[in-house]
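There are 2 protein chains.
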Amino acid sequence: MGKKIVIIGGVAAGPKAACRVKRLMQDAEVTIIEQDTLFSYGGCGIPYYVSGDVSDEAELRSTSFHMVRDESFFRDAKGVIVKSGTRALGIDRKDKTVQVQDVASGDKGDVPYDVLMIATGSRPFVLPIPGADLDGVFTISDLHKAIEIKDRIAKGKVGKAVVIGGGAIGLEMAEAFKDLWGVETAVVEFMPQVLPRIVDFPLASMLTKHLRDNDVDVFLGEGATEIIGKDGKVTALKTANRTIEADIVIMAAGVRPRSEIAVDAGLVTSPMGAIVVNERMQTSDPSIYAAGDCVEVMHLVSGKKFYAPLGSLANKEGRVAGDNMAGIPSIFKGAVGSFIMKAFDVCIGATGLSLEVALAEGFDADVALTAPADRAHFFPTEAVVCFQMVFDRRTRRVLGVQGFGPMGDGISARINAAAAYISSGATLDDFGTLEMAYAPPFSAAIDTINALAYVADNLCDGRLRKVSIESFLDWMDDFSLEEEWVSLDIRHPQEAAPFVEKFGKDKWIAIPYNEIRERFTELPHDKTLIILCDSGTRSFEIQSFLDSEGRADSLVLGGGFNMLRHIGVDWYPSK
Amino acid sequence: MGKKIVIIGGVAAGPKAACRVKRLMQDAEVTIIEQDTLFSYGGCGIPYYVSGDVSDEAELRSTSFHMVRDESFFRDAKGVIVKSGTRALGIDRKDKTVQVQDVASGDKGDVPYDVLMIATGSRPFVLPIPGADLDGVFTISDLHKAIEIKDRIAKGKVGKAVVIGGGAIGLEMAEAFKDLWGVETAVVEFMPQVLPRIVDFPLASMLTKHLRDNDVDVFLGEGATEIIGKDGKVTALKTANRTIEADIVIMAAGVRPRSEIAVDAGLVTSPMGAIVVNERMQTSDPSIYAAGDCVEVMHLVSGKKFYAPLGSLANKEGRVAGDNMAGIPSIFKGAVGSFIMKAFDVCIGATGLSLEVALAEGFDADVALTAPADRAHFFPTEAVVCFQMVFDRRTRRVLGVQGFGPMGDGISARINAAAAYISSGATLDDFGTLEMAYAPPFSAAIDTINALAYVADNLCDGRLRKVSIESFLDWMDDFSLEEEWVSLDIRHPQEAAPFVEKFGKDKWIAIPYNEIRERFTELPHDKTLIILCDSGTRSFEIQSFLDSEGRADSLVLGGGFNMLRHIGVDWYPSK
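Chains A and B, in that order, give the protein sequences.
Heads up: the first sequence begins at 1 in the numbering used here, then just goes up one per residue.
Heads up: the second sequence begins at 1001 in the numbering used here, then just goes up one per residue.
Read the hints as simulated data drawn from the structure, not as lab findings.
Note that the Cβ used here is the ideal one computed from N, Cα and C, for glycine as well.
Check before you lean on any hint, since a few could be wrong.
Said to hold, decoys possible - Here are a few chain A residues that face chain B, going by a calculated C-beta distance under 7 Å:
(1) 23
(2) 44
(3) 315
(4) 335
(5) 340
(6) 433
(7) 446
(8) 545
(9) 548
Could you build the full structure based on these sequences and the hints that come with them?
See the structure below:
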């Protein structure tokens, strides 16, 4: 018998590493220690199990060829021993043993190792508020919880649900409650937007509107202060502003690395408790590897370590750990934080840094927005998509890309390409010529991602001057904020007319795009023109022309009305 | 008035450059010289106009905001002069003038320039065979031809169509004839596969099967030898093997650069006649730029110039030319040849080099195949996709990626990411950790592209030994080709049983995946085992195990039965 490889944790990174190292060293004795009895499951599938899209929890624990990944599967098919229902209590690095305890019997023992891997994952953050321990308050921490939640819904015990946390898991759970079961659902998010730090205000606002359009209540900038119960069961959630009735409360307020065993063993961890590893997924003890939600990894844009608890990364890190445990020097360079989620009929994706994070990291960051058709505009299935690019003005490096559009793979098609290019340090100029596969059913000749880079290029070089959507919306709510601003609506006269009528020629001038060269002298000299079109493209052309005529005081609303329509505003003229 | 910018050609690169340079230098006088009266159109949309997906040809000449891009549009909205119906006869580089002729009147004149751009595009290659000039024989060269073809179909004059050429345009035209109009359609391709040089045999075969499943006849390895007519009208096409009746024949046998005017002016052109330009799209005369289908560009993988007549590249090149004509030193580094097309219910995409081309270019090229689910296998909308990666064994660089799957953006989502990464010189190791945006509705935790890189990694390092699909299919047709081969089918016994029954235990051994570790001693010692599963993943695991047991004589069929099912074989046991 060869080396003893012991892996603590059996959800994602652990099993991946175990099977990889076994394939590479068939004579190794590979053992997974897992405290749970349900393991090796697709945790990201839990919302879809709860919703009913996935009918049986066993599907989340099955291979693509429909075998359940239980102890006998790992033994027979993989040659890997799984000690399930076994808790790892501690690591003796000198003796190279893991102290374990059988969860059911309480019996203790030692498991010796030559090489150890820690894949203990994460645990949900439980808000320290009164009532967090009431019956009906759940975190999404394991399959048992998921099974119990679904069971309650299926039995008709859940009429009203509140989700604490507007991150991906919280919003996916909200959709599961609402879409398939018709449960009255509310989301409470402490920050002023959903998906904080992942996407910025414009796209987050579009998602919020779509959730509300689908009858999910979304309360932003409201922290949960107390969970109220009766007879030990949850009945409502309190925030600073309201009390929301609830039969069930989901706490989806983020996760924290589950790394106590590493800390106790004296391994180096980050301030937030994530295990520190090198590119080979090795901890500060060369005999101990770690991967998955319990580690921190390098961010390939910021160049700093960050915490990225994602199932997709856990699997990739697990394979690299498996390689290295078998003596193959594979490396995991780091991550760019690619993200995507479905919400009813839309999806939203991102990669790299958001503007907010990029600024906080010290970049000279700015954003470009555009909202073009996702394929040839003459192709019948075309739809508007909204994209944002974050870039560094000084280096022209692309720092991040965010996209919002109809449910499907059209957003992935751009986000994945951006992730690959951002990982490679690509600049605006690279993105401008990035060769997206083109045919009319799939893309425009100038794809969204190229168009986005063109906007950013024009911004970066000072050829395009913009107003942010936030500032424009503020002004539309209160014209007194910028007395000298006036909208210049260059869309078709029929589109612009209701706005002129509602806001007056003082605040809303309408001259069609193709008449500006003839009629620009009609424009006032003492105003800042806010140029508006559907996506921002025509507005830039008009700005260039007005500049050349010495009318330099204009700003373009990037993404134009296509963005506004998706964000939703209450000042749209009624028909 | 500023500089005189003259652009010859008004379809894609020309108008793009014209509008860009005008935006950058509003005082420039920008003139497009275009021999046709219909211009600035999406030529790649022609098949969708013929099919009826696009109802009116004017849509192909319209902006996304529904304005037709005619002379007055360019004048009023863009400030660009279009001299349509005007042919450029020659360039006097010394005097800096273009000699032009009005096509209608025959009147000649001179147009002076400070900076000139040639964007004359390409012309279809007309096969030098008898009957090529018969009525009813068309190339897809301009909108007039498209209008005439559609008119004939709409009037019921086309019952039978033959397309010469199995490239993208030919196949898109075949679909247009068959799918929307029910025309009896045949495709004749001189090479032994469709999409030659773009994709390799496995994926080309899948596309051929899908075309045939949709009642398009596909004749491969057959050159058209003669077009037969009666009373001046086409009646049939002859090949070496057959005569195919036809009311219409589409010649889609590739295009050639339309560069006579550049050659006559003494500009440097390639052996095939493409205009040679630098990264700034400048020809051998610094005052003359060129872009689009008339130029050659750098291939970012081979490092050699190549001819890439694609509308998407023409637009990007046009923008770079426009920048440089205005004094902004933008560069167009080159291309990787990204490609995608729809065919009925499927799509097929590629980027980088095919295996055939990579070998011809002198790479130590090999391929990896896999056929996994395109999203979490437990998610309801999952489907099998088939992918191939071409890589260099010596440098581990990824040279190309090809994908086939259901119609949608799922193939683009991988091809675009691959294009970005290949452009950056990424290796197998980079692709293994490429961070595809993950959530179960969009991807597996280990995305197709990562899985593909894993297979290639195992192949490259000699851990995985494979049999090619071509060799396996040859053997299945004639077992005597490899007397010592025997299939080892590790799928579920119910899946394998009909094969064992049909081919006998001598040629088809069935032991399920999860029983091999127990039962491997049943395997013969004197045979080469061809290990078969659904996608190839399990087969590799079994090969690793058998190797460790000293049973090293085995080969894996990459992509497994998922590939075979899509390619279609006649030896499948009937139920």
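A quick look at each hint next to the structure:
1. 23: holds, 4 Å
2. 44: holds, 6 Å
3. 315: It holds, given that the least Cβ distance between residue 315 of chain A and chain B is near 5 Å, below 7 Å.
4. 335: Cβ of residue 335 of chain A sits 6 Å from chain B, so the hint holds.
5. 340: holds, 4 Å
6. 433: Since the shortest Cβ distance to chain B is 5 Å, the answer is holds.
7. 446: holds, 5 Å
8. 545: Holds, because the Cβ-Cβ distance from residue 545 of chain A to chain B comes to roughly 6 Å (cut-off 7 Å).
9. 548: This interface hint holds because 3 Å falls under the 7 Å limit.
In summary, this structure violates none of the numbered hints.
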